[in-house]
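Which chain is which? The protein sequence lines are X and L, in order. Its first residue numbered 14, the first sequence is counted upward by one per residue in the numbering used here. Its first residue numbered 14, the second sequence is counted upward by one per residue in the numbering used here.
Hints are not guaranteed to be accurate.
For chains that are exact copies, the list does not tell them apart, and a pair is met inside one copy or across any two.
[Said to hold, decoys possible] When the alpha-carbon atoms are kept at most 30 Å apart in a straight line, the in silico DSSO-like pairs for lysine-lysine are as follows:
{"id": "1", "residue 1": "Lys-95", "residue 2": "Lys-117"}
{"id": "2", "residue 1": "Lys-117", "residue 2": "Lys-17"}
{"id": "3", "residue 1": "Lys-47", "residue 2": "Lys-347"}
{"id": "4", "residue 1": "Lys-95", "residue 2": "Lys-46"}
{"id": "5", "residue 1": "Lys-95", "residue 2": "Lys-47"}
Derived by calculation from the structure, the hints in this document are not laboratory data.
Next come the chains, spelled out residue by residue.
Number of protein chains: 2
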Amino acid sequence: MTIKDIAKLCGVSVSTVSRVLNNRPDVSEEIRKKVLSVIESSNYIPNNCARDLVKTKSDAIGLVVRGVSNPFYTDIIRAVEKRIDEAGFTMVMQQIGVCDDEIKCGAIMEREKRLQGIVLLGGRSDYTAAELALLTVPFVCCSYSNQYGTLNPTEYSSVSIADEEEAFRAVTELYQKGHRRIAALISRTDDHSISELRYRGYERALRTCGIELDSSLVIATGSFRIQDAYESMQKRLGETDDFTAVFAIADNMAIGAMRALREHGRSVPGDCSVIAIDGLEISNYIDPILTTLCQPMEEMGTRSVEILVDMIEGRSGHRHEVLTTTLRPGASVKSIV
Amino acid sequence: MTIKDIAKLCGVSVSTVSRVLNNRPDVSEEIRKKVLSVIESSNYIPNNCARDLVKTKSDAIGLVVRGVSNPFYTDIIRAVEKRIDEAGFTMVMQQIGVCDDEIKCGAIMEREKRLQGIVLLGGRSDYTAAELALLTVPFVCCSYSNQYGTLNPTEYSSVSIADEEEAFRAVTELYQKGHRRIAALISRTDDHSISELRYRGYERALRTCGIELDSSLVIATGSFRIQDAYESMQKRLGETDDFTAVFAIADNMAIGAMRALREHGRSVPGDCSVIAIDGLEISNYIDPILTTLCQPMEEMGTRSVEILVDMIEGRSGHRHEVLTTTLRPGASVKSIV
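One chain only, chain X, in its complex shape (with noise of 0.2 Å):
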């Protein structure tokens, strides 16, 4: 039994099936009762995305983008509606402020698209199954993990790197070419974020290689702005410039700390080095070219959408997906030694 059987059997085309599967609003209420009929009374078995769909479902799979204005996330964002494409899906995004909620957010989108599952690009990283209760359908979080929640791993899924892993690895690039005055320019150190996770990281580095922290060099912005980046590192040049190196745990973050050191006089990398965690593609092109840890952007996305659609469609349950970067030796770091 086919599609074009069951088309035969109610007299209509297969694309009026098609339609029917695909809940389309361009079908009468007779012949979606007609055709729906005859599937449940044949032995017709649409795949498992078809099958879906005749519960009441949509073809759609959401993206909720946490914080919009973060450029990290375009090439995300285009690899997962390329992905979502290419499996038959079609995408509806919804964008959120940094201070919204994604669940809440994912969970009207849940009802009121009908979704098949949700990607979440960016969001706490400190859930718990009460929350996360409100979502029914599959979901992945993107980019980041759940390291300050109380999620059990086999409850949900995520693609991410290893943040404080990573900020190690670049505060130890620093170290290795001879600084020991290593300042960290971060949001907060408590936000439960990404910053929170790299600014362990480079706690983590510096006790590692013998270094004691410093907490008049740690620069929390308090936010991930650029604004912010250089208007605080402004403030902290204004008071003291006794470090030779800035880890800062964003590329844009980065680019505006620069500015606030070359109004200071200090030439980056002569004065000091600076060296991030992102990879955008402008900072390959700015003066000097950023030394930053690229995160593998598409991949993240691409790799977000297969996982969710393997839960979809029944291939498999939660995983757990920790992708690594790739140093981008620009010539913003010095070495010193």
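Using the hints, position chain L against chain X.
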């Protein structure tokens, strides 16, 4: 007769009536029919918006973004979403490649999501009436207009800057600083996009200033990508570097070109001035800070939605708004007079 009366007559809550008016799926067919029949037999007049919704439309406004990786769009998207929210609608966004057809995409979305209206962010400037007949809901061209098309201005709406005029202004700015050998960094001269429009402004400025057009100074990269701008400028400088200034049609392209200039030992602005159009936030942090004409991105997004909602709610017909840029003087232009 108010929504409360309707609720009382039906024996349901106000929010249930609201859900019916908003065509939400979480209402039983029985309740839906009851509420709609009471509304029909009563004197209750939903406002324009709600009345439309009863007629099978959702509360969604579509946003079709052409060229997702364009950083210039980020602030516009945020403003569009904010204004759509404030107006009581929800945004459904679709991103398409620079080679995709925004009208076809909009037409499909319109049917699938039962849109009330569409904002097209980025698109071709040469539509024909036949093409646009695909769209049956109001729409606004955001950030571009229809200079090369055959549309009657009363048949569509737009919010844009005067691209040719702004390019004219940028090139004139260079002329007034003493520059006579001015290169243009564009995508193409004949693509019916803002590239062609801004190229025309460059041509007209030269003509007005009495400078003969030298086609060897027109660097057409074939795209708006930063890497293509970098490579095209590299190639050009490998041949000859007989210009003292560059007008780039976009900030990103200017940033790509500036790296090529540096690598050829030409300092900006010492040996070569650079001016652009866009006003990305990041251009204000790089070294040297880019001198650029800032587009009013937030206003562009906000006004597009306002015009669209006015049309949806029957308050006005098609309109065209031309916004102006603001010169943000950076440090990339040097006077040589």
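Hints, one by one, checked against the model:
1. Within a single copy, Lys-95 and Lys-117 get their C-alpha atoms as close as 25 Å, and across copies as close as 18 Å, so both meet the 30 Å cut-off.
2. Within a single copy, Lys-117 and Lys-17 get their C-alpha atoms only as close as 41 Å, which misses the 30 Å cut-off; across copies the closest is 28 Å, which meets it.
3. For the homomeric pair Lys-47 and Lys-347, neither the shortest alpha-carbon distance inside one copy (73 Å) nor that between copies (74 Å) is at most 30 Å.
4. Taking identical chains as interchangeable, the C-alpha atoms of Lys-95 and Lys-46 are never at most 30 Å apart, the minima being 33 Å within one chain and 40 Å between chains.
5. Within a single copy, Lys-95 and Lys-47 get their C-alpha atoms no closer than 34 Å, and across copies no closer than 43 Å, so neither meets the 30 Å cut-off.
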